[in-house]
Amino acid sequence: MTVIAFVLLFSAACLGYVLNLSAARSLRAGGARLHSLGSFHGGFAALLVLVPTFLFVVLWLVFQAPVIDRMTMAALPPGTLDGLETGAVQLILAEIKSIAGGRIFGTPELWKLAAADHLTGLRALSANLMVGLTAALALVLLVIARRTVAPDFRARQGTEGIIKGLMIFCSTVAIFTTIGIIASLVFETMRFFQMVPWHEFLFGTTWEPQMPIRADQIAATGAFGWLPVFLGTLVITVVALVFAVPVGLLSAIYLNEFASPGFRRIAKPVLEILAGVPTVVYGFFAVLTIAPALRSFGEMTGLPIAPNTAMAAGLVMGVMLIPFISSFADDALSAVPRTLRDGALALGATRAETVMNVLFPAAIPGIVGGVLLAVSRAIGETMIVVMAAGLIAKMTVNPLDSVTTVTVQIVTLLIGDTSFDSPKTLAAFALGFMLFVVTLGINVLALGIVRKYREVYD
Amino acid sequence: MTDLSLQSGARPVDWTSDQAGLRVRKRKAAETRLKLVGLSAIAVAFAMLGLLLWSLVSTGWQAFRQTHVTIEVTYAQEFITPGNLARSNYRGLLEATMLELVPGATDGRRVAAILSNGAQFAVRDRIVADPSLLGRTATLRVPVSDPYDQLWKGLIDRTTPEQNRRLKNDEIAAFDALVAKGLVSSPFNWALLGNADSRFPEQAGLKGALWGSFYALLTCFLLAFPIGIGAAIYLEEFAPKNRVSDFIEVNINNLAAVPSVVFGLLALAVFLGWFGMGRSIPFVGGLTLALMTLPTIIIATRAALKAVPPSIREAALGVGASRQQVVFHHVLPLAMPGILTGTIIGLAQALGETAPLLLIGMNAFVTAAPGTPFDPSTALPTQIFIWADSPERGFVSRTSAAILVLLGFLVMMNALAIYLRNRFERRW
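Residue numbers (the numbering used here), protein chains in the order written: chain A, 1 to 458; chain B, 459 to 886.
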């Protein structure tokens, strides 16, 4: 039915275009001087039909499922849902849906079968209603559009106005996304803080999110202090940067100052390949190659290296960050004015002295900005740590030990079936909120530094 | 100059003295050191890339072959119920076949375990397709199960003591008997591309993941491409320079740096939680990826629009085009190669994105390829994640192989982008 609605609406738009175009042409053929070209009259009709009808269909599709669910649950015999928690209600709804989908397990109660019938009926009604209303709306708009065709109707301005409105809408999508991110994170985090006090989350030093699901289960009582998780993130980030910053900076210096153009032309894209490798691939690389290598290194030297040590995830994350840091440093070095370089060389400094004593200090703000962006990347990086880092949160700064990170906890808390009312699930949103705030802060700081530095030389 | 320096009391430097030579040598040595250190930094980066590719290829190439056994199955009456071909005793049939094939074997279950669990279905499908086979013999080539696949590929060391080995001596002997008869072969593993996921490594394939990724990317493209171009055109060509457009710009730049897992949280809370969309649906994955790709496309499109020289716009305005006609008839077509390049690169990034898809449940175990964008499925990167987590040995090489397939797609997309840029982009 959805396909029918879309076909209907696009053919109505085409029909509008043809109708208005031919109407405008026949006006001109009758000797009238038109303000706008015929194609603008056609385009105006097409857009006038298309935009509101499309919006209507999309909104209908978005809101029909929740409304139908609610109507189904409301039509259940009174008293069935009394005293049930949200999770149990969700289960009943899911069962009714699977019965309606034809997948019947065992012998469900009669009221569930009735509800499934009701649900199927509502769905059919909704689909029919949508197609009918789409057709009616398209027809009304077609008539309105056809009425506008007149010699002095400013169809070009009308068409361009609609297009401009569409473009403005497109550019606000970014704002809506940001609002959506902030709203969803804040909303779920507030619900989390109703169950767990905020100071316990911010300043607590134990993280044990495994809560008992049923009353008779034996499990930890649940502790939600994010400090050990954040500390783990920092440990891995530091390991990554200790590896990536020197390698990235030195390769940028070499490529910028010493490499022949031919070498540079080959080496730069090869480095960029490292940036294009998906992070899930890096994660597997860490598990497959780096972690076993570190483990056997530990056995050889007697160092106490944990099986999923922070080193493995950190090193591989460092590899991922090399091209990031090197291209930022390269840009920063290239942006130093030629006069500084020439002046140093003219005084008799060697190229190395020029780089280290003149160019590098001048490029420091840009490089710091790049490193900060790399830090925010490392903190937000997910797949490498999910695959290679540990799950247990510890208050430790030892990179040989196993640590967990914010992103690992988010993913492990949310993987699998989740309901939105346990502190376990909501804790993931609280962590996500902190992650968003921290990375946003670092990004703003980094962009600020880069921008300030650019103003000095441009 | 000489007089001047003498007057100011500086001693003249003897550039030919040994100390001066030493100083110069030291400075030159410092330069060489820096050069060498820089070069070795690049070498480290290259070595890491090489190690990454080598470890993937060296483990992954094995998965592109699958060991098969050619067996002759006699559809005997004692196993086949003619009225119910779909539910006959094919397991028993295979056990009998294998007992006959392996000399000296007594335990039917044990020798039948050489064959993949899917062999019985292959045998069934053959006779269901051609019921006249009843009572006659058919020749089939069926995959072997994972341990024997490893054995044939040399990944199980025969010299390990028996109790530590996955295959015992009699099992290896039975397999060797098949090899001696020339029945074992290892053709290209079409199942890797043609099958959907499975618990058994020898039957697991990427079909579901490929379709899932395709539908997600299609959704992502259909949404992000028009919206991104619309936003970029407005911001670059029409937007007045004021607080609002500045705010939008800052927003777009910040979105580009938001961690991908946060987009997953957004999708989970808004699309799944508030709008009630289904879990593991490629369409929802595509929606999420579209939000992530949007900043990339907007930034690339703005750069491409900016690169079109003002003279084009002025000429079009001069002959009486409206501002939108200028953009849509002249500027946009000229900027298209740059826009497409940026879009393809953005889509390539989206193809490798894993974390947001995990949060919306695209790591489900689905054994059928999705028929529409609204059926549950996995995607290529999440399939890699699932296989990397699977304990069976056979999944290690399959994970590497899946990664090689993913990297292959990424290379193709990037090559297409580079080709478009070199072929169509004009320099003014």
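Keep in mind the hints are simulated off the structure, nothing from the lab. Among the clues, some could well be false.
[What the hints assert, rightly or not] Dumping the calculated DSS-like pairs for lysine-lysine here, alpha-carbon to alpha-carbon at most 27 Å:
(1) 268/A to 493/B
(2) 452/A to 699/B
(3) 699/B to 764/B
(4) 164/A to 493/B
Predicted model only: the values in this text are computed from it and were never measured.
Verification of the supplied hints:
Taking the CA atoms of residue 268/A and residue 493/B, the gap is about 17 Å. The hint holds against a cut of 27 Å. With a C-alpha separation of about 21 Å, the suggested pairing of residue 452/A with residue 699/B holds against the 27 Å cut-off. Distance hint between residue 699/B and residue 764/B is fulfilled; the C-alpha atoms sit about 16 Å from each other, no more than 27 Å. Distance restraint check for residue 164/A and residue 493/B: the Cα-Cα separation of roughly 55 Å exceeds the 27 Å cut-off, and the hinted pair is therefore not satisfied.
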